[in-house]
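Those protein sequences? They're chains G and W, same order as listed.
Heads up: the first sequence runs through residues 1 to 112, numbered per our numbering.
Heads up: the second sequence runs through residues 1 to 115, numbered per our numbering.
Hints may contain errors.
[What the hints assert, rightly or not] Distance condition first, Cα-Cα at most 20 Å in a straight line; then the derived DMTMM-like pairs of lysine to aspartate or glutamate:
| id | chain 1 | residue 1 | chain 2 | residue 2 |
| --- | --- | --- | --- | --- |
| 1 | G | 17 | G | 59 |
| 2 | W | 49 | G | 100 |
| 3 | W | 102 | G | 38 |
| 4 | W | 52 | G | 100 |
| 5 | W | 107 | G | 30 |
| 6 | W | 102 | G | 30 |
| 7 | W | 107 | G | 38 |
| 8 | W | 77 | W | 55 |
| 9 | W | 60 | G | 100 |
| 10 | W | 102 | G | 62 |
| 11 | W | 102 | G | 59 |
| 12 | W | 107 | W | 2 |
| 13 | W | 102 | G | 53 |
| 14 | W | 107 | G | 100 |
| 15 | W | 60 | W | 42 |
No lab work stands behind these hints, which were simulated from the structure alone.
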Amino acid sequence: EAQVTQNPRYLITVTGKKLTVTCSQNMNHEYMSWYRQDPGLGLRQIYYSMNVEVTDKGDVPEGYKVSRKEKRNFPLILESPSPNQTSLYFCASWGSFDYEQYFGPGTRLTVT
Amino acid sequence: GDSVTQMEGPVTLSEEAFLTINCTYTATGYPSLFWYVQYPGEGLQLLLKATKADDKGSNKGFEATYRKETTSFHLEKGSVQVSDSAVYFCALTPRVGGSNYKLTFGKGTLLTVNP
Numbered sequence: 001e002a003q004v005t006q007n008p009r010y011l012i013t014v015t016g017k018k019l020t021v022t023c024s025q026n027m028n029h030e031y032m033s034w035y036r037q038d039p040g041l042g043l044r045q046i047y048y049s050m051n052v053e054v055t056d057k058g059d060v061p062e063g064y065k066v067s068r069k070e071k072r073n074f075p076l077i078l079e080s081p082s083p084n085q086t087s088l089y090f091c092a093s094w095g096s097f098d099y100e101q102y103f104g105p106g107t108r109l110t111v112t
Numbered sequence: 001g002d003s004v005t006q007m008e009g010p011v012t013l014s015e016e017a018f019l020t021i022n023c024t025y026t027a028t029g030y031p032s033l034f035w036y037v038q039y040p041g042e043g044l045q046l047l048l049k050a051t052k053a054d055d056k057g058s059n060k061g062f063e064a065t066y067r068k069e070t071t072s073f074h075l076e077k078g079s080v081q082v083s084d085s086a087v088y089f090c091a092l093t094p095r096v097g098g099s100n101y102k103l104t105f106g107k108g109t110l111l112t113v114n115p
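Using the sequences plus the hints, can you model the full thing?
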């Protein structure tokens with residue numbers, strides 16, 4: 001089954017404690033992206049990747065890092081989380097000639 | 001930059017009512033337009049899309065027509081069901097040299113359908 005998986009689905013952590021949210025896709029897609037969803041703001045892109053070792057900033061990259069060492073994986077790293085990063089995070093992937101983005105189920109992060 | 005404006009919710013309808021969710025956009029060139037749906041507790045799923053002017057996207061009884069003259073992509077359904085209750089997002093992606101690297105979303109419209 002074609003899918004994008006994210007882990008964990010729920011995470012509660014404290015300010016400053018480094019964390020990683022994993023994202024994996026099994027569709028051999030070139031592109032991957034991270035979004036955050038906040039009430040009243042919709043979805044905003046954090047980072048995206050066009051292929052292995054190629055990443056670029058989206059609209060709200062501050063406080064986040066990403067890496068793309070393998071085509072299927074695109075982890076999101078918060079090196080020093082802060083309460084304003086409490087949000088619902090989605091990973092997505094898509095192919096070069098397909099405008100449809102496939103979304104993971106989401107990770108709800110709470111930073112206290 | 002690119003932007004999408006969709007009607008604010010929430011929208012509450014009775015089963016079998018007619019649905020319209022308005023969406024307008026600002027973008028250079030000829031973007032592709034999408035409607036995504038998010039059911040409770042789930043990620044987003046593509047509902048329908050249109051890639052050029054006058055295209056009509058349709059799926060599951062929903063329709064939207066790409067109107068370049070009014071920069072709009074309104075979502076419609078003739079008879080909603082309780083199972084259509086969800087958040088609906090209008091989105092666009094620019095065509096920059098044929099690449100597709102960014103979706104710009106509207107803020108979402110929560111639809112609740114009562115039996």
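Legend entry - Hinted pair residue 52 of chain W and residue 100 of chain G, Cα distance within 20 Å: holds (15 Å)
Inset, instruction - Would you check the hint for residue 102 of chain W and residue 53 of chain G, treating anything up to 20 Å between C-alpha atoms as holding? - result: Distance ~18 Å between residue 102 of chain W and residue 53 of chain G Cα, so the pair holds.
Inset, instruction - Take the C-alpha atoms of residue 102 of chain W and residue 30 of chain G, compute the straight-line distance between them, and say whether it is at most 20 Å. - result: With Cα atoms ~13 Å apart, residue 102 of chain W and residue 30 of chain G stay inside 20 Å; holds.
Legend entry - 20 Å limit on alpha-carbon distance, applied to hinted pair residue 77 of chain W and residue 55 of chain W: Since the Cα atoms of residue 77 of chain W and residue 55 of chain W sit roughly 17 Å apart, the hinted pair holds (cutoff 20 Å).
Legend entry - Hinted pair residue 107 of chain W and residue 2 of chain W, Cα distance within 20 Å: holds (14 Å)
Legend entry - Pair hint outcome, residue 17 of chain G versus residue 59 of chain G [Cα-Cα no greater than 20 Å]: Violated, at roughly 24 Å.
Inset, instruction - Decide if the proposed pair is consistent with the structure: residue 60 of chain W and residue 42 of chain W, CA atoms, cutoff 20 Å inclusive. - result: holds (18 Å)
Inset, instruction - Mind checking the alpha carbons of residue 107 of chain W and residue 38 of chain G for me, to see if they're no more than 20 Å apart? - result: holds (9 Å)
Inset, instruction - Take a quick look at whether residue 102 of chain W and residue 59 of chain G sit within 20 Å of each other, Cα to Cα. - result: holds (10 Å)
Legend entry - Satisfaction of hint between residue 100 of chain G and residue 49 of chain W, Cα-Cα up to 20 Å: holds (8 Å)
Legend entry - Distance restraint between residue 102 of chain W and residue 62 of chain G, which requires alpha-carbon spacing of 20 Å or less: holds (17 Å)
Legend entry - residue 102 of chain W paired with residue 38 of chain G [C-alpha distance capped at 20 Å]: holds (18 Å)
Taken one by one, the earlier hints fail for this structure at numbers 1 and 5, listed in ascending order.
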